[in-house]
Amino acid sequence: MNLLLDNLPALLIAVPLLGAFLVPVIGRFLPKIRDAWIILVSFLASLAAVITAAAVFLKGTLVYVFGAAAVSSAADSGGIPFRIIFTIDGFGAFMLLSAAIVSFAVVLYLVASQKERSGKSEFYALYLLLTAGIFGMVSTGDLFNFFVFLEINTLAGAALVSYHRKGGIAVEGAIKYLIVNTVGGLMVLFSIGLLYAQYNSLNMAFLASQMTWTTLNIVALVLFITALGMKAGAVPFHFATPDAYSVAPSGITAVMVVASQAGLYGLFRVLFTLYGGSINTVTIGWVIIILGILSMVIGVTMALPQKDIKRLLAYHAVSQTGYMLLGVGVAFAVLGDPAATAAFGQTAMEGGLFHIINHALYKGLLFLAVGAVIYRTGVWSLNKLGGLGHNMKWTMVFFLIGALAIAGIPPFNGFASKLMIYESVFAFNPALSIIAMVVSILTLASFMKVFHSVFMGPRLPEYENVKEVPKLMIAGMIILTIFVIGFGLVPDLVVDSIVSPAAAALLNQGSYITAVLGGGL
Amino acid sequence: MLPMLKEILTQSVKKPVTNLFPAARLPKSITGFLEDVGRGKANLIPPVETPEHMRGKLSYKRNICNGCGLCMKVCPSHAIEQVVYPVPPAKEGEEQPRAQKRIRIYVGNCIFCGQCIDICPKEAISQTSEFLLAAEDRFAESQIIE
Amino acid sequence: MDEIYTPAEVADKLKASLGDSMLDSSIRVRAEGAKKRENTNIWITIRREAIHEAAEALMKIRYPHLSCISGYDKGAKDENLRVQYIFSIYGGIENKECLVIFSTDIPKANPHIPTITDLMEGAAFTEHEKTEYLGIIVDGLEPAKHRFFLPQDFPENVYPLRKDDKKIPDSMVKNLWASGRPENRPPAPLGDE
Amino acid sequence: MKLTNSLNRSLWVFHFNAGSCNGCDIEIVATLTPRYDPERFGVKLVGSPRHADVLLVTGPVTNQMADRLRRVYAQMPSPKVVMVVGTCGQSGGVFHTSYNLAGPIDQIIPVDVYVPGCAPRPEAIINGVVTAIAKLERLEGGK
Amino acid sequence: MNIILSAIGGTIVLAIIGIAVGLFLSGIDRRIVARMQARIGPPLRQPFTDVKKLLTKQSIVPANAIPWLFNLMPIAALASSIAVLMYLPFGSLAPILGEAGDMILVLYLLIVPSLALVIGGFASGSPYATVGAQREMVSMIAYELPLAISVVIIAWRLMAANVADPFSFMTLMETSVWDVAGPLGIVGLLLLLFLFMWITPGELSKVPFDSPEAETELAGGILAEYSGRNLGLFSLAQAVKMVGIIAFGVIILLPWNLSPVFGMTGAGAAVIDLVFFFVKVIVVSILSVTVVRTMMARLRITQVVKVYWFVFGGIGIAAIILLMLDAFLMGGV
Amino acid sequence: MAGNVPYKIPIGPIHPALKEPVHIELTVMGEEVIGADFTPGQTHRGIEWMGLSRNPVQIVHLTDRICGICGVTHSLSFARAVEQIAGITVPERGDYVRTIIAEFERIQSHLLWAGVAAHELGFDSLFYLAWRVREDAMDAIEFITGNRVNYDIIQIGGTRRDITIDQYAKIRTCLKTYKDLFSKLKKLFLEDAVIKSRCIGTGLLSFETAMAYSAVGPTSRASGVTADLRVDYPYCAYGDLDIKPVLPTAYGKDVNGDTYDRIVVRIFEIAQSIEIIETCLDNMPAGPVLWEEKVVKILAACKKASGEAVGRHEAPRGEAVHYVAMDNADAPIAWKVKASTYSNAHVWPIILKGAQLADIPIIVASIDPCMSCTDRVAITDNGSTKIFTKEQLSKMSYEKTRRMLQ
Ligand code: SF4
Ligand code: SF4
Ligand code: SF4
Ligand code: SF4
Ligand code: SF4
Ligand code: SF4
Ligand code: SF4
Ligand code: SF4
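Residue numbers (this note's numbering), protein chains in the order written: chain A, 218 to 738; chain B, 99 to 244; chain C, 2 to 194; chain D, 62 to 204; chain E, 33 to 365; chain F, 26 to 431.
No lab work stands behind these hints, which were simulated from the structure alone. We treat Cβ as the ideally placed atom computed from N, Cα and C, and that holds for glycine. Fair warning: there could be bad hints in the mix.
[Claimed, not checked] Listed next, the in silico DSBU-like pairs over lysine-lysine satisfying Cα-Cα at most 30 Å (straight line):
#: 1; chain 1: B; residue 1: K220; chain 2: F; residue 2: K378
#: 2; chain 1: B; residue 1: K104; chain 2: F; residue 2: K212
#: 3; chain 1: A; residue 1: K524; chain 2: F; residue 2: K378
#: 4; chain 1: F; residue 1: K221; chain 2: E; residue 2: K338
#: 5; chain 1: F; residue 1: K221; chain 2: B; residue 2: K112
#: 6; chain 1: F; residue 1: K378; chain 2: C; residue 2: K75
[As the list claims (entries may be wrong)] Just so you have them, the derived chain C footprint on chain B, three or more residues with Cβ under 8 Å:
#: 7; stretch: 114-127
#: 8; stretch: 235-244
Generate the whole structure from the sequences, applying the supplied hints.
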């Protein structure tokens, strides 16, 4: 047991990878239990993630070196890049939690919704691979490994996007996604190269401790921001997101939200942990804030006229990402000013981070609910849908909850995090809060439109016989719904126990470095 | 810009133009109120004054009428019907007496045009200024003039 | 176009254009009020074939205003329907407006008239009305997909304004006045009022 | 549905024109104006039959409107009162014989109060409302 | 346990007071409107009678509606409007849910009754209700901008004056913005007051911003298909919401209490402040709802958006600039 | 919520914006109207058919009830037609009484319209005000005729009642009230910012279209057409007056042909009517008002008459035309009614195109429609008129409408 606990970080990657490897085998020889196997693997992976996170929250940053007996051996050589080192601090743990919840809920959903499909073994293998990629990205303490997991994430994601779909759109969406992310990946690699060339190390803690404000580092930072912004789907790098989301199977899209947030993780990690103490945070902070505002406004205005329901959700994902950038950006801008950080910076940070998990939850829920509609009707276009509320009561309720949450209506979780953002960023600049609030109401309008055109109105003859979706799909949605409502009802509890540590981890660059390199520096 | 503002403000300090028929407010019980009015215990606030020649419910004097039926010919709304009085069978040898004819006016059909008054050679029909004619039954006694 | 002709000149000009198709014309003047200022109606009877020509001829004099086309059944025994095209010209000029009414007979056996919608689009409705009320067939009028004036479920081959066998059958007529009226109500006694 | 005193004091009216000449309809509107102001009694004109307690019907009911009249009546929540305003809704009035009329109104839906007049003066309509309230009071008392 | 009981008790009392004050407000409103139109108008208790009647009437669910949603929304609307009251301080009485709520929460809670109306309108399946619901949504977008501006800038000004927790009502009860603002700020605050006067009719869908319910266009719009009890609940919700919105405006912009003037404390002060508070609510309601709706014609929905975003948005920005300048001059930031 | 899928919205036949049954189906994109289809007049009562079995005296009362807003328009037109056939001359005083009543009707009708227009705009205070002052005209009318709505004052050969000298004072008082009110009305209707913003530029009808579509009355005059029967084709006492058609220029503005101009024309026509009545009262010729007192004799004269004639009148809404033919019988052998709305409704599809959904009621109302005698007309903008059964229609409307948010 202890052995298991000690090697938790390894399990994070090992369980899904092993599971993924075994899926085709089991699918071949024991097809009956394949679905159960998938659920089990996913459950175990998520469990591992949750326990890891809990351990981090309780005991502090976890540093794990693959193949090394003790933590210290990772640090002693400073520049040794070849060991795989996992550094899971509050922020990483936080991201793990978010990924764990969503990926498990989605598995339940997928198992039911993909029942009639072919080629499932590969599909699930890819899915588990994607999970592993996400877990890896948020756990690693090493830039090169980060790049590797990023690529896993991208490739598995692109493969899943184009899965089960023949013909132009799906493939096109996948290719676009692939190209953008690969370009992003290359930029990341290039930046890593720049850093490695200077410091001869890939260990983030080590790099952070050495970081200075040089031209090369600025170039690296710009590349990082661009590349990870692409991954996260923020404006102006948002063009691939809607294309990919709109064609991917709905369950997958829900996970892709988490996948892209891993990009956001990377961005924040680079900003705070890698560069944190060494740069002019106000300028970069404003850059992030402006990217955030643009994402918010452009995302929502692009979403309003959309007819393709999943594209619409994708644009909202862009818009919601803006909130996270806004909160975190403000925190970054005042990083150098302890008074301001205490007064509102930290809250802004917490709001932004809290919004990450909230977004993963309600956007996941929305994608699953929309997926349920598509599952039953086979129709994407808002123009053709209608009157489903008569037949798909549960789906409608889940959608409505998701919609209210994303629009930031109390008492759902979206409101809790947005409230923190409003009530902190205003101190930095009141216009930011006002814009954020207006974007929320536009989001609400957009979702009311979708709600109306999909579920309301008289029963349509073509959907006369539509039934509610299978129980397992509902179960997947229920899991997310519980969190959406729960987080909304007791936001303080959630913030205190998981968000604050995450924020603290980011704000406190020194502790990260210390955790890895020891007090020696 | 908004000229109504001045108007409503001046109006709000003036007396309302409302005529309070039949009572300023709804009494506790209409039935009771109407009974009281009947007994002279309560006052019905009268309607806006009607002009002298207001065309209200008709009044008909059947003792003057000669039954010529001109009013029926000219009535635009078929409100008038002829009433023929039964005649006892004539006695042997006597000439059969002519049946007496009169008219009957249905308020529910009448449009109060007064054309029958204009044409009546005997002035048997005249107009009153009664116009509060609501009824639950359109053939109630109050709705038939004969 | 800007010249204003007297009613007699108008009648002459129309006669000149229509020739033999114009059967008859009369100018009726009416004067009312204390000053007895006159208003004029020009009544012209034409052959059915000349309807379109007549409208055209009128338009050459001045752009007319079409009030409506009226029509009636000359009787159950009569073989003809009669229609009147009621135009007015010189509208908008003080005391100069006059009506120009073209009348024509239309045999019931062959109730066709040409449309004038090619001259003035607004005539369509009143032409449709003639079809519905009198059973006149307007040639060249874009056929209606439905009735314009009567209820959609109105019986075929019944025309409200006809007086012959295509008239409203008695079974369709409802006597509202009789509804619920008490029968055998005894007469009120005479002599006691 | 139960009749209550609050119904009498808050009669909301929906107006239905079943092919009238407009005369009665105009007088109905005139009744609502400041000079007569039935809002004193809680009477209010509403735009949807769903909100109405009283249906004011005018006109001799053309064949096209008969069915709609039935539908509007059905849409009203009970308890509901029907009031015929004007002579032609009662008996056809000048339109007493025609081939396209389905009326009078009481042939289509049940009627509670008739207000004769062509057109009835506004106060006659108020009197009709009073008659209707008296009838409601009687019905309440009877049960 | 006791806390829960007293919270429930407090909620019930508050709900009753909210409903009573709300209906009373609309009674006054209708009465004054009538007087301004040269009429007598209904008795003051008319709204009570109307609601009583509606509650006893049959509630018809239209054929195209989704019954449970259709029936649930009136309740949701009422519940959420009552919830608003629980976060508001009345006079010198602290809110029932004291610390839990603040201005932004209330601002969003105020959206919920409208949202319930929108969803109810959608759920009724009628075209008119749908257009109405759509317009309600648009007008929510419209007034959100000036509303957000007012709330955020007030909090910002307080913060600039080193007031902690500027969004909290508890803070507002202690510190009035008027006290911290200098002359420029006062001008800015007056602008905000003006702004609020015009936001209120928008939030309540009253003329000139009543296009969601526009009787002559949409036959009652959103509410076209609602009848009987459901309609009654909506009117209750509307009444309570009216209290909520106006009280909100009074709290943030007209925060004065009478008791300090008389030097009173204790229960007496609470009572007198409460009375004074409702007097303020009534006055504001007359000025911003009654007078406005009587003197104007309805705006088109597109004009509503234009007016709120450009005219009132502009005024709001002017207020922001004034208050920020003021903070600079007063040396807050 | 911009829309790019057109959807249909049915309005009527029972709709609060319409005091009369008319069915309008609008094709709408977002909030903008892109097409309109009308099925006005669900009120076909078969009046012309009824007339063919009644005598002219009865028909006069029937014509009064063709429409309750114009208590005199149709009876006057009808009576003038019959008089021409029977060769009856109306005494001069009769002409004057007719004119006075007709002008009171115009005042009453324009105020009624103004009130309705205000109501369509959601401006209830103004609606109440217009109708409140309208009551004065109603009182005067009732005072003269004995009924507020259906005056029943026209008789073949004149009028049934005279305006006696002792009535003048009261009528003059009423006119004075209106004169005093006029500047206030003008201000309230024409200077209100919201009314202006909603009416200027909406419901445009160009001069050319007004001409081509034979529009009549204030609808055409607001577009700059100078036509007014009272001036162009004098009848009754109008020939004795010195009047000019009222155009939007009366308010010192250019002619736009929009909804606002139609308000201007009607408001200024009220002033014109007041003047006409005053002039008529001042110049009332003495004598009888009716060609023949005995109704029986009128009936006999009508029975003897044969021939055909057209009677016209410039109603508040524009030209009304009655064609009558008689042939030695109690009842006429032909009777055709052409109301003003019959001519004006044609312009609806044109003026509605491009309008905002919210402006439909005021635009529809701006031609002052009166359906009860126009009856059944179906109008469409592109010739693709469709009328559906009620069930189809409501089903269709639901199906289409649910897309309106997109
Ligand atoms: S009054 Fe004249 S019409 Fe009548 S019966 Fe006598 S003579 Fe004949
Ligand atoms: S008043 Fe007119 S409707 Fe009435 S009975 Fe006499 S003629 Fe007939
Ligand atoms: S009331 Fe006059 S017109 Fe009628 S039958 Fe009697 S006498 Fe003749
Ligand atoms: S009763 Fe008379 S006024 Fe009323 S609608 Fe009928 S005909 Fe018109
Ligand atoms: S019920 Fe149907 S036909 Fe009647 S108004 Fe409504 S939509 Fe139109
Ligand atoms: S449309 Fe013509 S026929 Fe029909 S009722 Fe009207 S006037 Fe008579
Ligand atoms: S235009 Fe209208 S108001 Fe005037 S007479 Fe004709 S129907 Fe009546
Ligand atoms: S349509 Fe015109 S003429 Fe006909 S009744 Fe109505 S207002 Fe009178």
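A quick look at each hint next to the structure:
no. : hint            : in the structure
1   : B/K220 x F/K378 : 61 Å, violated
2   : B/K104 x F/K212 : 11 Å, holds
3   : A/K524 x F/K378 : 26 Å, holds
4   : F/K221 x E/K338 : 16 Å, holds
5   : F/K221 x B/K112 : 28 Å, holds
6   : F/K378 x C/K75  : 43 Å, violated
7   : 114-127         : violated (count 0)
8   : 235-244         : holds (count 4)
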